[in-house]
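J.: Sequence:
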Amino acid sequence: MNKSIEIIRNPRLNLLKFVNDLSIDQLNMIPNGFVNNIMWNLGHMISAQQDFFETFKSGSKPERLYTADDLKNIEELFTSTLDQLEADMENNIFVKYTPVTTRYGVELNGIEDAIKFLPFHEGLHLGYIFALRRAVLAS
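If you're matching positions, the sequence shown starts at 4 in this note's numbering and goes up one per residue.
The hints are simulated quantities; they were obtained by calculation from the structure and are not laboratory data.
Take the hints with a grain of salt, since some may be wrong.
Each computed DSS-like pair below joins lysine-lysine, with the alpha-carbon atoms no more than 25 Å apart [as the list claims (entries may be wrong)]:
hint	residue 1	residue 2
1	Lys99	Lys119
2	Lys20	Lys119
3	Lys75	Lys60
4	Lys6	Lys20
5	Lys6	Lys99
6	Lys60	Lys119
7	Lys20	Lys60
8	Lys64	Lys75
9	Lys64	Lys20
10	Lys119	Lys6
11	Lys75	Lys20
12	Lys60	Lys99
With the hints as constraints, model all of the structure from the sequences given.
T.: Rendered as structure tokens:
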């Protein structure tokens with residue numbers, strides 16, 4: 004297994020365990036002072052890696068209540084997208100990578116830069132999820 008992918012995979016798996024005891028209603032709750040919920044943050048973490056979900060892109064907000072099926076899909080994508088990324092890297096499909104500058108001012112000039120950026124980005128959302136969980140449980 005690619006070490007960079009492992010560094011992303013293990014926290015994702017632990018994060019799923021961290022929110023496993025919350026109900027769908029709790030995962031959908033937007034506490035006072037927040038603009039998103041736990042489900043949106045989970046979905047956004049995947050969309051930042053591979054743009055699957057228009058509803059989870061940067062700057063978006065939950066437009067509906069998410070379901071148990073949505074959660075199951077996100078849980079599956081939490082690991083399958085990393086499996087696909089690893090396979091794509093091994094097959095060198097990222098020959099043409101369009102450079103992008105993130106909203107944090109980080110310039111990503113290739114797939115290696117993008118993979119290095121993922122733990123930072125996911126760490127931000129992990130922090131949001133921890134704060135949301137505390138607020139949800141306090142409600």
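J.: All hints, please: hold or fail.
T.: Verification of the supplied hints:
no.: 1; hint: Lys99 <-> Lys119; in the structure: 18 Å, holds
no.: 2; hint: Lys20 <-> Lys119; in the structure: 24 Å, holds
no.: 3; hint: Lys75 <-> Lys60; in the structure: 19 Å, holds
no.: 4; hint: Lys6 <-> Lys20; in the structure: 22 Å, holds
no.: 5; hint: Lys6 <-> Lys99; in the structure: 23 Å, holds
no.: 6; hint: Lys60 <-> Lys119; in the structure: 19 Å, holds
no.: 7; hint: Lys20 <-> Lys60; in the structure: 24 Å, holds
no.: 8; hint: Lys64 <-> Lys75; in the structure: 20 Å, holds
no.: 9; hint: Lys64 <-> Lys20; in the structure: 24 Å, holds
no.: 10; hint: Lys119 <-> Lys6; in the structure: 11 Å, holds
no.: 11; hint: Lys75 <-> Lys20; in the structure: 13 Å, holds
no.: 12; hint: Lys60 <-> Lys99; in the structure: 23 Å, holds
Every hint from the earlier list agrees with this structure, and none is contradicted.
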